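> Go ahead and model the full structure; you've got the sequences and the hints to work with.
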Amino acid sequence: MAALRGISQAGNISPARMNFFRGFASRLFVKGISFSTTEDTLVEAFSKFGQVIEAKVIMDKVRNRTKGFGYVTFANEDEAQKALMDMNGKVLDGRVLFVDNVRPSRKFNSGVPITRGPPVPAADS
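For the sequence shown, the residue numbers in UniProt numbering are 1 to 125.
Please keep in mind that the hints were generated in silico from the structure rather than gathered at the bench.
On a predicted model such as this, the values are computed, not experimentally measured, just so you know.
Keep in mind that the hints are not guaranteed to be accurate.
Simulated crosslink set (SDA-like; lysine to any residue; CA at most 25 Å straight-line) [unchecked claim]:
no. : residue 1 : residue 2
1   : K82       : G50
2   : K56       : P118
3   : K67       : R95
4   : K56       : P104
Listed below in structure tokens is the structure:
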């Protein structure tokens, strides 16, 4: 019965929302990155699984070093899943990597960002 519910719910998802989530399916979250790991190092390590569209190491701007995590985006979902299965738990630059799928932010409601609207003018005192 749960499988049938999943099928009926999938039919109600708009094409724009499907594209939104498909982008997440080919993007991986990589945790445990060494301070010496660069975006080029990530591309080199992950490109054996397919075409890497983007590799991003998140930097601490104050300390000018990595925050220890980043993202790798593949051309398609299958390549991303192969990389996830093989690279999770592997050592890169002396650190064990933890690789997972990127999940949509909770800031989004039905694929549309939640906004507060225009600023409210200050009341005269």
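> Take the hints in turn and mark each one as holding or not.
Going down the list of hints, with the structure as the test:
1. K82 with G50: holds (9 Å)
2. K56 with P118: violated (32 Å)
3. K67 with R95: Between K67 and R95 the Cα gap is close to 13 Å, so the pair holds against 25 Å.
4. K56 with P104: With a Cα-Cα distance of about 17 Å, the restraint between K56 and P104 holds, given a limit of 25 Å.
Against the hints set out earlier in the document, a violation occurs for number 2 only.
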